[in-house]
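Undergrad: Those letters in the sequence shown? Residues 140 to 318, by my numbering.
Check each hint, because a few of them may be wrong.
[Said to hold, decoys possible] Calculated lysine to any residue pairs in the SDA-like style (CA-CA distance at most 20 Å, straight line): (1) Lys257 with Gly288; (2) Lys256 with Gly207; (3) Lys208 with Lys168; (4) Lys263 with Gly288; (5) Lys263 with Gln315; (6) Lys168 with Ser314; (7) Lys232 with Val217; (8) Lys263 with Glu313; (9) Lys232 with Asp262; (10) Lys263 with Gly207; (11) Lys184 with Arg210; (12) Lys257 with Ile218; (13) Lys232 with Asp150; (14) Lys257 with Phe273; (15) Lys256 with Asp234; (16) Lys263 with Ser314; (17) Lys168 with Arg196; (18) Lys256 with Ser314; (19) Lys263 with Arg157; (20) Lys256 with Tyr310; (21) Lys232 with Arg210; (22) Lys263 with Glu224; (23) Lys232 with Gln315; (24) Lys168 with Gly288; (25) Lys208 with Asp234; (26) Lys208 with Ile218; (27) Lys232 with Ile317; (28) Lys256 with Gly212; (29) Lys263 with Ile218.
Think of the hints as simulated: they come from the structure by calculation, not from any bench.
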Amino acid sequence: MNICVFLSAADLDERYTRPAKEFGGLLGKGGHTLVWGGSDTGLMKVVADGVQESGGRLLGVSVDFLAGKAREGADEMVIAKDLAERKRLLLEKADAVVIMVGGTGTLDEATEILELKKHGHTDKPVVLLNTAGFYDGLREQFRRMEDEGFLPRPLTELVFFAEEPVGALAYLEESQGIE
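Throw the hints in and build the complete structure from the sequences for me.
TA: Below, the structure written as structure tokens:
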């Protein structure tokens with residue numbers, strides 16, 4: 140399975156790097172391909188290291204202005220002209236999406252895939268990996284949106300919240316019929 144992971148390129152502490160490395164390791168051991176922003180910095184590097192060290196493939200989609208930070212030695216690296224094209228290519232190349240901790244870019248990517256799913260433009264499974272409770276507030280906001288009628292589909296049809304990497308990958312494999 141090609142699994143797109145949206146996450147930060149920032150250098151973060153162990154409570155965020157440990158689950159990123161763990162998820163990458165699980166992804167690689169499962170024979171999956173990481174589809175990611177292609178950066179060799181921060182959490183993007185950590186998850187890619189985990190994938191590569193456990194035998195998985197790396198498919199990066201970087202962008203012109205960040206090409207200097209692209210990971211050397213990825214199995215495939217595409218350079219998009221802008222962030223919009225990058226996001227489109229990431230989603231195109233993926234069978235499933237995992238949203239890990241990140242800033243405004245990650246939030247933009249997360250809301251785009253959920254919007255596409257809400258309107259029936261994709262049926263790819265989406266997991267929000269809630270590392271260290273990072274997305275507790277967002278989950279509460281999504282529930283409020285659902286409760287007050289802002290979502291035309293149940294929240295559970297749009298996104299699965301996982302607290303640990305193993306639960307995130309198990310959900311994706313189950314949704315794709317992989318045992």
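Undergrad: It remains to establish, for every hint, whether it holds in the given structure.
TA: Evaluated hints:
At most 20 Å may separate the alpha-carbon atoms for a hinted pair to count; Lys257 and Gly288 meet this at roughly 13 Å. This hinted pair does not check out: Lys256 and Gly207 have alpha carbons roughly 33 Å apart, beyond 20 Å. Between Lys208 and Lys168 the CA atoms are separated by roughly 26 Å; this puts the pair beyond 20 Å, and the hint is violated. Distance restraint check for Lys263 and Gly288: the Cα-Cα separation of roughly 23 Å exceeds the 20 Å cut-off, and the hinted pair is therefore not satisfied.
Only pairs whose Cα atoms come within 20 Å are accepted, and Lys263 paired with Gln315 is accepted, the gap being roughly 9 Å. Between Lys168 and Ser314 the alpha-carbon distance is near 18 Å, which keeps this suggested pair within the 20 Å criterion. Between the alpha carbons of Lys232 and Val217 the distance comes to roughly 11 Å, so the proposed pair stays at or under 20 Å and holds. Pair hint Lys263 plus Glu313 holds up; C-alpha atoms about 13 Å apart against a cutoff of 20 Å.
Distance hint between Lys232 and Asp262 is fulfilled; the C-alpha atoms sit about 14 Å from each other, no more than 20 Å. Restraint check for Lys263 and Gly207: not satisfied, since their Cα atoms lie roughly 31 Å apart, outside the 20 Å limit. Of the pairs offered as hints, the one joining Lys184 and Arg210 holds, with about 8 Å between alpha carbons and a cut-off of 20 Å not exceeded. Distance check on the hinted pair: Lys257 and Ile218 sit about 29 Å apart at the alpha-carbon level, beyond 20 Å; violated.
Taking the CA atoms of Lys232 and Asp150, the gap is near 26 Å; set against the 20 Å cutoff, the hint is violated. Proximity of Lys257 to Phe273 is assessed by CA-CA distance (about 23 Å); at most 20 Å being required, the pair is judged violated. Taking the CA atoms of Lys256 and Asp234, the gap is about 13 Å. The hint holds against a cut of 20 Å. A threshold of 20 Å between alpha carbons decides the hint, and for Lys263 with Ser314 the separation of about 9 Å falls inside it, so the pair holds.
At roughly 10 Å between alpha-carbon atoms, Lys168 and Arg196 fall within 20 Å of each other, so this suggested pair holds. Restraint check: the Cα-Cα separation between Lys256 and Ser314 comes to about 15 Å, which is no more than 20 Å; the hinted pair holds. Among the hinted pairs, Lys263 with Arg157 is inconsistent with the structure: their alpha-carbon atoms are about 26 Å apart, more than 20 Å. Taken as a hint, the Lys256 and Tyr310 pair is honoured in the structure, with Cα atoms around 17 Å apart against an allowance of 20 Å.
Proposed proximity of Lys232 and Arg210 is supported: the alpha carbons are some 18 Å apart, at most 20 Å. Between Lys263 and Glu224 the alpha-carbon distance is near 19 Å, which keeps this suggested pair within the 20 Å criterion. The suggested pairing of Lys232 with Gln315 holds, with an alpha-carbon distance near 16 Å, which does not exceed 20 Å. Straight-line distance between C-alpha atoms of Lys168 and Gly288 comes to about 41 Å, which puts the hinted pair past the 20 Å bound.
Distance hint between Lys208 and Asp234 is unfulfilled; the C-alpha atoms sit about 25 Å from each other, more than 20 Å. Restraint check for Lys208 and Ile218: the C-alpha separation of about 11 Å stays at or below 20 Å, so the hint holds. The straight-line distance between the Cα atoms of Lys232 and Ile317 is roughly 19 Å, inside the 20 Å bound, and the hint therefore holds. Using a Cα cut-off of 20 Å, the hinted pair Lys256 and Gly212 is violated, with the two alpha carbons roughly 33 Å apart.
A distance of roughly 23 Å separates the Cα atoms of Lys263 and Ile218; the hinted pair therefore is violated under the 20 Å criterion.
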